[in-house]
Amino acid sequence: MPHSVRPVSPHLQIYKPQLTSTLSIVHRITGVVAFAGSLLVMLWLVSLAWDASLYGFLQRIVLSLPVQIFLFFWTLSLVYHLLNGIRHLMWDAGKGFELPEIYRSGRLVLVMSLLITAAIWLSKTVL
Amino acid sequence: MSEQDSNHPGVPHWKAQRRSALVLIPLSLWVLYSLINNIGASFSDARDWVANPVVAILLAIFSSALFFHAKLGLQVIIEDYISDISGRQSLIRISNLICWIAMLVAVASIMRIAFQGQF
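Quick note, the sequences are listed as chains A and B, same order. The first sequence begins at 1 in this note's numbering and counts up one residue at a time. The second sequence begins at 1 in this note's numbering and counts up one residue at a time.
Next comes chain A alone, as it looks inside the complex (with noise of 0.2 Å):
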């Protein structure tokens, strides 16, 4: 096998879990749902374009407890995934690298993932 003598990338079998490696594993776990859902919001179009008894039979789904749970991640993983890539944004202009700075940073990643998530599911019963 020639490719395993190539570095590669770090398992996560192999790091301890820290706050750092757990913020950063679960950026792309929450883009992969953040896709996930937006296949979902596709098929959404596509019955509004074509097919009023696809419209039905989506908001029948959507409407279950399942699904709506789902749609309650997916807001949490893209909002978590907008907010953790801000922070990749000015790690790339170089800012914010002191390790005290990354720790702060991730936590105010995930206290505000969760406030934005939630407002945005209040304001549906609220507004």
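Among the hints, a few may not be true.
[As the list claims (entries may be wrong)] If we take Cβ atoms under 10 Å as the criterion, some of the chain B residues that face chain A in the derived model are:
| # | residue |
| --- | --- |
| 1 | 21 |
| 2 | 32 |
| 3 | 47 |
| 4 | 61 |
| 5 | 94 |
| 6 | 96 |
[Stated by the list, open to error] Selected chain A positions facing chain B (in silico; Cβ < 7 Å):
| # | residue |
| --- | --- |
| 7 | 5 |
| 8 | 9 |
| 9 | 75 |
Read the hints as simulated data drawn from the structure, not as lab findings. As the structure is a computational prediction, the values presented were derived from the model and not from experiment. Heads up, the beta-carbon is just placed ideally off N, CA and C, and yes, glycines get one too.
Once you have looked at the hints, place chain B on chain A.
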């Protein structure tokens, strides 16, 4: 990073990933808020919302940027975790195809709604 390194094929990928991210930051917050609040809307209400020209244009930009950004991100994930070269390349091709199709289908649907089924 030396001057030579900026010719690496990874550089356009890196820049495209960040540029699409910048577009998606404001748009995805707006889309999330709007979609969550559209849950349970009637067919005609939801259609009217998408048919609004400003909404249609922003949704089309959002869909394009999102599936383009997803294509780039999925490629990196596949490259990192699939060590078998040929398997990796076929998976990337499949994932690229899914993202391009999703982008086209989303934009085509938005356009059809915006033009009120005239084509």
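Quick rundown of the hints versus the structure:
The restraint placing residue 21 (chain B) at the interface with chain A holds, with a minimum CB-CB distance near 5 Å, inside the 10 Å limit. With a cut of 10 Å, the hint placing residue 32 (chain B) at the interface with chain A holds, because the nearest CB-to-CB distance is about 6 Å. With 10 Å as the threshold, the beta carbon of residue 47 (chain B) comes within range of chain A, its nearest partner Cβ sitting at about 5 Å, so the hint holds. At its closest, the beta carbon of residue 61 (chain B) sits 14 Å from a beta carbon of chain A; the interface hint therefore is violated under the 10 Å criterion.
Interface hint at residue 94 (chain B): violated, since its Cβ lies 14 Å from the closest Cβ of chain A, which is beyond the 10 Å cut-off. Hint status for residue 96 (chain B) relative to chain A: violated, with the closest Cβ pair at about 13 Å, above 10 Å. Below 7 Å, beta-carbon pairs count as interface contacts, and residue 5 (chain A) has none with chain B, the closest being about 11 Å; its hint is therefore violated. Among the interface hints, the one on residue 9 (chain A) holds; its C-beta lies about 4 Å from the nearest C-beta in chain B, closer than the 7 Å criterion.
Using the Cβ-Cβ criterion of 7 Å, the hint placing residue 75 (chain A) at the interface with chain B is satisfied: the shortest such distance is roughly 6 Å.
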